[in-house]
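Novice: Okay, here's what each chain looks like letter by letter:
Protein chains: 2
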Amino acid sequence: MRRLKIVVVVADGLGDRPVPELGMRTPLELVDFSPVADLLSRSAVGLWDPIRPGVRPGSDTAHLALFGVDPINNYPGRGPFEAIGAGASLRPGDVAFRGNLATVSDEMVVIDRRAGRVIPEAKQLVEYLNQNIGEIEGVRVEVYHATEHRVAVVFRGPGLSDAVSDTDPHSEGVRVLESRPLADDEAARRTARVVNAFTKRVAELLRDCPLNARREERGAPPVNAILLRGAGKMVRYPRFSERGELDVARAVAISATALVKGVCALLGFEVVTPEGATGGIDSDLMSKARAAVEFYRRGYDLIYVHVKGADAASHDGNPYAKVDMIERTLRVLSYIADNVDLEDVVISFLGDHTTPVTVRDHTSDPVPVAVYAPGILTDGFSRLTEKEARRGSLGRLRSVELFGTLMDYAGRIEKFGA
Amino acid sequence: MRRLKIVVVVADGLGDRPVPELGMRTPLELVDFSPVADLLSRSAVGLWDPIRPGVRPGSDTAHLALFGVDPINNYPGRGPFEAIGAGASLRPGDVAFRGNLATVSDEMVVIDRRAGRVIPEAKQLVEYLNQNIGEIEGVRVEVYHATEHRVAVVFRGPGLSDAVSDTDPHSEGVRVLESRPLADDEAARRTARVVNAFTKRVAELLRDCPLNARREERGAPPVNAILLRGAGKMVRYPRFSERGELDVARAVAISATALVKGVCALLGFEVVTPEGATGGIDSDLMSKARAAVEFYRRGYDLIYVHVKGADAASHDGNPYAKVDMIERTLRVLSYIADNVDLEDVVISFLGDHTTPVTVRDHTSDPVPVAVYAPGILTDGFSRLTEKEARRGSLGRLRSVELFGTLMDYAGRIEKFGA
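Heads up: the protein sequence lines correspond to chains A and B, in order. Counting in the numbering used here, the first sequence runs from 1 upward without gaps. Counting in the numbering used here, the second sequence runs from 1 upward without gaps.
Just chain A, with the same shape it has in the complex (with noise of 0.2 Å):
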């Protein structure tokens, strides 16, 4: 079977539902599709489910599927997740909690499960806990500022477990939990120990902060806890290389969205960032582009664009702003197409989910896909609304069959039988 390359370009948060801002139409009803136009009439399209029809996706649930894992049956929860788009490095076995940043009284009964919500010196007291909070019971802690008040523990050890309760209460007037153990073995009651041990250590390092007096002074609550919940711990997913059903050797992701970086680490891309990429509405995207056909000359099997405007203009409510970054990163499709040989690559294009700009958060509504392969069977559609979508020959894929199309298409995977 012939082997092709495989280029996949997400944008971030594509589909969407009429907005009456635009008279009831969707942003990608106002996009000019000229540049691809040639490409998507060469493509058959469909929708994709991320997860399955009826669950909102994360981007890390998401980007789990898009590259062939289950993530109903391979996801340790959010605590890991959240720890890696806010910057760690996680290793399998490493727990991680989602944590907030907190008020608190001397008797930690919790005042403001916030601290106040907007905590401008957030990154300095995360820094200045992460000088001073040392080992404890020779497991490291880490503490990772995600945005706002919101962080994330990564505790990393030997023989620990996610089987422990959470620290945060869940609701004020109430003294912060002791984390207790939820399975009966050594590694969830030594858990549980380490947590409510960080839980005094940071109570007593925050007692003393310089940064605390200055919030005091202006009159803002001090940030005296971290209160704990949704202990997960990190799996280890198969790279590439090591899926025998596969053959794919080297794969390449290029974004500068810190959560799908780390995603894409973790399944065995080459992850990188081009200059100028910043994952905002203002990044140079074409620097994407170009990097896509550089690692295509270079042989790479698979490469993966990811460009996150979208999603940022969708959860501010902008459609103008989405229907711009659409068109942008049409043109970073455009790019790639033209400059590889079309007889020689599968390239998809899609969101990696929903984000209408009318609910600013991820739902459920499958996603616009399109796949060009030298030989599919075409729908000649030469736009990509959500119409054409829901029109389209490839039906309504979910989870994993997706990744599994496109590395058919590219002669890259084994029979399932004789």
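Incorrect hints may have been included.
To be verified - The calculated BS3-like cross-link candidates involving lysine-lysine, where the alpha carbons are at most 30 Å apart (straight line), are:
#, chain 1, residue 1, chain 2, residue 2
1, A, LYS387, B, LYS5
2, A, LYS415, A, LYS5
3, B, LYS200, B, LYS123
4, A, LYS387, B, LYS387
To be verified - Computed spacing ranges between beta-carbons, pair by pair:
#, chain 1, residue 1, chain 2, residue 2, range
5, A, GLU178, B, GLY244, 18 to 26 Å
6, A, HIS315, B, ARG250, 24 to 32 Å
7, A, GLU148, B, GLY244, 20 to 28 Å
8, A, GLU242, B, ASP70, 26 to 34 Å
Hints are computed from structural coordinates only; laboratory data are not their basis. Using N, Cα and C, we set each Cβ at its ideal position, and we do this for glycine too.
Could you slot chain B onto chain A? The hints should help.
Specialist: Chain B alone, transformed into the frame defined by chain A:
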């Protein structure tokens, strides 16, 4: 995320196949959709496979899936649900069997597995047994009459198991079987002992039952045994309020059908049967419509209206009665749509399974479904026959996928992932 109310209206057995009597049209193709044409034209439509394509759903398994519980991995077998359909309130741990009223010889050889099938005094026989049977080894036994010769038998007590074999030999001319433990534990041994004692006790009680004397007078075979099959141990389903990923506090199910009411109660619905609602084709459906609007106004999150009549007409093989019942169900839907704020509600209309009038039983044909939500991408159909459903943009949803979709449009379901 804005939270909307959810209203689900089921016409039981809705879908169909072409009917020779109707010139190879389906009942839905004869239905006047005008009362709901506007609502449908603002909806997305498609097909739903309650379990998965190729599996014939029961009303119980279909309703579990409709409300987000995967029945394939969470179904204790038909025994418990037959009992629920016959009016039993089951508790987790109860073991229930399907049973037949049967005729046996003095040596317990099966003469008629159905005791003539038509048993006018079945209800009295069952009452007689329940009054006299007493406890067996501390286990309470209850017999419920379903239809004709069919009963369900519930064993309630500590330490029971469903790992026991049938007493029904599934053929005639052979002896009633001893139930055997199918697991090597005390619960299975104890349950088999109790079941065998039950068989004996029933034979003793029915031997002297005056009802049998009267049956024999008119030449009908005596009912002198109960044959048991399909042991199932009742499980506990999480209530809506216990499902952390959902935000559904108050849910009400409006139905007059025992099995549907039982399943809904297990899932945490308040269950209501308005006066005049019978579950038959003579049911006062508008009393259900008024009740639905009343619960909407009282702030319920999820309102379920179940209308049995179309299924009853299908089991009778009467396509005209089915058309009529569907039209009456659409008036319920129309009344609800006219009396709620359409900016505040997700409305779904569908069947719980297909019951073709030519088959007179449930089939695996997918059911038509319509989903209205503010801002949903619409298909613009003003009718919902099998044909529009097959062309609809929802595609073909399976099992719990529909529930997740409704919950997502209502802004009531957590994201899976970060």
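Novice: For each hint, tell me whether it holds in the structure or not.
Specialist: Each hint tested on the structure:
Between LYS387/A and LYS5/B the CA atoms are separated by roughly 27 Å; this keeps the pair inside 30 Å, and the hint holds. In summary, the hint linking LYS415/A to LYS5/A is supported, as the alpha carbons are separated by about 19 Å, within the 30 Å threshold. Proximity of LYS200/B to LYS123/B is assessed by CA-CA distance (about 20 Å); at most 30 Å being required, the pair is judged to hold. Note on LYS387/A and LYS387/B: the hinted pairing holds, with a Cα-Cα distance of about 19 Å set against a maximum of 30 Å.
Look at GLU178/A against GLY244/B: about 21 Å separates their beta carbons, and that is inside 18 to 26 Å. For HIS315/A and ARG250/B, the Cβ-Cβ distance of about 31 Å falls inside the hinted range of 24 to 32 Å, so the restraint holds. Between GLU148/A and GLY244/B the CB atoms are about 23 Å apart, so this pair conforms to the stated range of 20 to 28 Å. Restraint check, GLU242/A to ASP70/B: a C-beta distance of roughly 31 Å satisfies the suggested window 26 to 34 Å.
Going down the numbered hints, you'll see the structure goes against none, and every one checks out.
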